[in-house]
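Peer 1: Whenever a hint applies, use it, and build me the whole structure from the sequences.
Spelled out from the first residue to the last, the chains are:
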Amino acid sequence: MSRFIATSAIRGATSAVEQADTMLQDALKELGPDTPIRFTDTVGGGTVYYLPTIYGLLGSKVETLGDLVPVMEHAKSLVPPVPRENLWLPYLGETLDAGAATLYAFETIEGVRFAKGEQPEKKNGFEFNGPINDAQMRSWGIQMVDGRMPGFAALVGAAKSNEVAVKIVRELQSRGQLIFLCSTSNGRSIVDQLQEEGVDMGYDTFIVPFGSDTISAIYALGFATRAALSFGNIEPGDFRKILLYNKFRCFAFVLALGPVDDLKYAAAAGAINYGFPVFADTVIPNILPTGVTRFEHVVSMPFDDIEGKDDLEKAERLVQRCVELRGIKIKIAKVPIPVAYGPAFEGEVVRRADLAVEFGGKGGMCFEWLRMKDLDEIEDGKIEVIGPDMDSFEEGSKHPLAILVDVAGRKMQKDFEPVLERQIHHMTNGAEGISHQGQRDITWIRMHKNAIAKGFTLRHLGDILHACMHNDFGAIVDKVQVTLYSDPAKVEELIEEARAVYKERNARMAGLTDEAVDTYYSCTLCQSFAPNHVCVINPERVGLCGAYSWLDCRASFEINPNGPNQPVPKGKVIDETLGEWEGVNNFVYEHSNKNIERFTVYSLMDAPMTTCGCCECVMAIIPEANGVMIVSRDDYGMTPSGMTFTTLMATVGGGLQTPGMMGHGKIYITSKKFIPVEGGIKRIVWLSQNLKEELAEELKEACEREGVPDLIDKMADGSTVTTVDELLPFLEEKGHPALTMDPIM
Amino acid sequence: MPDVEIPLEKWTGKVKEVKIGGGGRKEVVVGGESTLPFLAFESSNPNPPKIAIEVHDKEPTTWAAPLLSAWGDAVKDPGTWAKKAVEFGADLICLKLLSAHPEGGNTGPAEAKASVEKVLSAVDLPLIILGPGVAEKDNEVITAASDAAKGQRVALGNCEEKNYRTIGAVCLSDGHIAIAKTPLDINLCKQLNIMLSDMGVPADSIIMDPDTGALGYGIEYGYSINERVRLAALGGDAMTAFPILNHAGGEVWRQKEARASDGVPDAWGDLEERSIIWEAVTATSVINAGCDIVVMCHPKAIERIKSTIEKLTGK
Amino acid sequence: MALTGIQIYKFLPKTNCKECGFPTCLAFAMKLAQAGAELSACPYVSDEGKAALAAASKPPIRLVTIGAGEKKIEVGNETVMFRHEKTFVHPTGLVVRIKDTSSADEVAKTVEAVKSYSVDRVGMTFGMDGFAIENASGDSATFVKCVEAVSSKSDLPLILMSSDASSMSAAVDRVKAAKPAIYAATKDNIDQMIELAKSSGCPLAVRSSDGLGELAELTEKAAGAGVDDLILDPGVRGFADSLVTLTQIRRLALAKRFEPLGYPVITFPGEGASSLDEEAVLAAQHIAKYGNIVVIDCFSPAAALALITLRLNLYTDPQKPIQMKPGTYQVGEPKETSPVCVTTNFSLTYFSIAGELESAGWPSWLVVCDTEGLSVLTAWSAGKFDAEKIAKTIKGENVAEKVNHKNVIIPGGVAVLRGELEEELPDWKIMVGPREAMAVGGYLKENWKS
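Protein chains in written order, with the working numbering: chain Z, 285 to 1029; chain V, 13 to 327; chain F, 3 to 452.
Here are the simulated DSS-like pairs of lysine-lysine, each with C-alpha atoms no more than 27 Å apart in a straight line:
1) F/K404 x V/K268
2) Z/K998 x F/K16
3) V/K26 x F/K88
4) F/K337 x V/K268
5) F/K431 x Z/K738
6) F/K451 x Z/K733
7) F/K408 x Z/K733
8) F/K386 x Z/K976
9) F/K447 x V/K268
10) V/K28 x Z/K525
11) Z/K878 x F/K60
12) Z/K695 x V/K174
13) Z/K1018 x F/K16
14) F/K322 x V/K268
15) Z/K733 x F/K431
16) F/K327 x V/K268
17) V/K26 x F/K258
18) Z/K878 x V/K22
19) F/K258 x Z/K878
20) Z/K615 x V/K174
21) Z/K878 x F/K88
22) Z/K613 x V/K174
23) F/K322 x Z/K878
24) F/K447 x Z/K618
25) V/K22 x F/K88
26) Z/K878 x V/K26
27) F/K447 x V/K70
28) Z/K618 x V/K174
29) Z/K525 x V/K162
30) Z/K345 x V/K162
31) F/K117 x V/K268
32) V/K22 x F/K258
33) V/K28 x Z/K878
34) F/K391 x Z/K976
35) Z/K525 x V/K31
For the record, the hints were derived by calculation from the structure and aren't laboratory data.
Peer 2: In structure tokens:
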């Protein structure tokens, strides 16, 4: 906690309370305690929440001047003494108390002013709005709760220039932020500035001028308080809930324009109570550690030090930074490109005759690389094209292209890079006339003549990715910057870097073991038709549909914390070899409608995973051969178990736990954790032919790893063996290791 | 004689009770079950299922003939319609603001407010108010409807996965009940309830519409989703422990079986008889699977289901 | 405690002799574990094995057959309380009651109406399943005459209803070969009825209105005497009592493995209802809640259609959705200028798109591909709804000959197939429709120019 800020705020609070108390005492003498107080705005709209901040935080219904007396007594008791010069005691607690006292004092002052008929304020012929009425609060409150409006920005003081004032307001409006105005600095107010520039203020333009002094800032908090009472189902007087509600649900902040005096510090301390951070465009001490607010408390961004070619750009950056620091998420309603965009275009093929230009593909070079960056390393929405663009490409020509997507976010993790990168395919394919295939360095993009004719250029790929990353992954992504390199030399240089990263990622994936993590993930997507089925996905076993890896699930959980992928803490080990943990058992029991009591990760015979309807493969023991067989979904033939894939599915599917049989993903076969309890890959005596072909390379590697390089040839497949009677002689002839292993049953 | 000991299920969960109405309006309480429907030997379910009758804000010109003839001119005005629904035994009125549909009139908040006020002043039954089912329009008209019905604790819908926040917020603001609609999937149903709860919608202000298929058109899904949701609730899952609403009428009367008299096989029998049985059988199925509020259309089917509920509950 | 397939396998001979009808002992063991087969099908299982497996292998609710031949009714073998847990297996038998007090004309008319009653749904044909003939006259000769009258006109299975053992005996004697059900043994006549069931080999219904205890006592007596094929009538007739009692019987059979009540249940909704439509509603309740044979008094085509449909719906396997027969369906009366839409053969997908087309006023050709009953996206991701399949269906159905244009609309969910489909159907224009069926009317209005 900055001692400077604490001292200033406490000083400010002390004087605010003194001023309020004096005003109240005078008014009591002058008008008497029964003088009614009713907050109304300039058009006469009122509120049923009395003096809302006092009502919300203290539960006191102030209807007359006399009702304010106990409020002031409470406020006085909250103000801590101003710290002495050599004492380094003041901490957050004192400052926040001072802030609360300030709010009561401010509202008391406005209450007295109302009693005297001095509010809403009129100054130099301008009518300020005064407190927002309930009907307007409801209408905006709904938009804040449903996410159409992130919150409000309280602008306090005056901007560097009229031009900057207008720019700040326009930038905030473009982000749907509600704008409250109050106070002055150096005798100027942003209200004056906007007025001079002819900017309309009022409910219709989402710009509300409260008053010419700092005290009128209380109307912003009165608004926030009522929103919490109204939408948070909170009882008046439950101040803790009101403050928390605002912290987590109202994306509001204070932007102090110009020098900050004691009273503004005191008001800022009040705002921080609500979790609203305070930003200043002048030099003031920062309070960065998070705690009361979600992220930073007080951040100083001296206007002239902001990067930017002119004041307008600086103003834009200032707002951008405020929005970012408050954690406001961006939604882009329409992908800003000159061609249509939507899922209906995903299947388009750009034929040779229609081809305008292509990148990558046979003999070409095109890659995409998504990198995680720090928040201050990149600029959201920045899209750069380095190298030639459409205007210089010949019709039907092929060019190199590098798509670098840099993302930053408070919840972004390095491991999510590949998860997001894989979405580039899906995202770019949505544009009409653009076809995207492959991924990483085998990307192939083709563009239709019509798309180019409509004005599609390389930067629009960036626009698509920027919009889609925000819209689809807003939960983990705060900033997206895209750079498109079409300069051949640059692409060649970067592709080596990218390849090194792909390799590193592969190695990381391979090194990602079950032991290395303490949390697995669930997938309950299939419970709609297999009510008791719970997929438990560990780093070394993909979901049985083959579509979800552990990393995918982790990212999916971050994106949708209430979705079908939930963390499964392993908990206490019950049996390391079987892969049985207390946490996993409990999770599966709860989520299988209390049907599956035990669950092991490593065994086929003892409490194996349940199977839904969409597994890629089913394995089943062949007791006669002391081994297991694996049939894939694409294999329609008969298997040595005497059952086809369909029959096996009918036996294991639907969320049943069937020792000796289990559904799984294809790639699981080559995992190091392939049924280790039963002896791993050496148990496989029969495999669908298509699996053998598809997984040839990975299988070879796995067999070598297990020290049985010639195992593949010893496994039978559907081309030679379809009955158990044929299987046994085959295995004996080949000398399959399963025959001499411990009995599987 | 062999000793027959009847197995009793020891349920740990209980469905929340939700009160609709108040503020001078009649009150109806639904939910509160601590066992499966009508199994009085196991536990007593305090509130029998209720029947809501569908009322539209515009004349249903494309309605099936049996409905039009049963309702006559009453359907020309939502107020008159609602009054007639009271005569036909409604426990609640389900007002559908269909005229707000972009292709069905595209009316706005003012018209919605007027229709709601008409119905509110015509009858004293509690209300369910639904938008036209197009997200943007739903938000617009339900916000207005909510305002018009402030203080009378109506149920507003539909909150859907991609579009629950506005109606959720409106319910919070005006003290109404949110109807959470999901497409025949228990996990989506649960997820939406969690999201509404996260928003702050209180547990006594959520009603679930897990979707309903008409007889012959997916009733097996509607039937099973009701059973699954209810079993989960009784098993102790608080996020499925809300009353269930099913649109038996709306689903049935769209189907050929309830509409066609010409060009159908003789085996289909008489249209009027068939359509009424179709609605009654659909309704009885969902009620047996856990439905708390069944929304219906035809007076004769309603009469039949009313008596069925009475017989099943002994009330 | 039920045994797993692997535990059962250990008791089997492991010879893969196939005499049980399954290709391997393991396959047979797995089926036994699901209560889908009878242990007795294995001739070689040891006595020790038999004893150990007896409990696990005996279905908790016995499968009982009424009638003989193709149209026989098979009910029972249910293993779950709720269809979503696995599936309801043997659809409720819907039987129409004829009283022998009716005139010969009336009987003939009812028999004709019922036996010729047939409805098509999802490409399959359904009808009523049999007749229950009641000896309402109390007269043996009248009863026999009525039974003969019915059986001479119809080969549907019969349930013979009389409390008089000698009347029953006379009637059974006439139609013994058709294996009618004998209804019913009560505490007053059970000995004679058991004898009759034994000698005729016919299934026997047992009725008690005096609680499940007495009912169980009667079935134990019958089973003890060697009559295994029993049907229960717990004597409850109303809405509430039948729901409660039938639930209790199902629970006892499944959860408690209470053998004396491990049989199918027969109900008589007409006796608990005061009108035709009330009977239909009560019958619907019995189809949903644990009635295995439902005897209808008022046969009406409309009600029959509703009940048959409900039964079809509730008895589908939740994991194997109802499928449409693949082919080209007409929505309304399409012309050669009408739209051609492609969809899957998941019945709900079909019904929703057909319904929307119809209500939006677009007569259309709906081409239904065989996706093994999967919906659009599921089928697509399972590789069962791809460009090749769509193209093959369109060609195989000769769609080109039905219309004068070359435009085909695919569901928006599979927009990705457009390119490939253009390859497969080079002379067709592939249009991508909306993702949701609901939007198809608006889509056609905007995009279809005939």
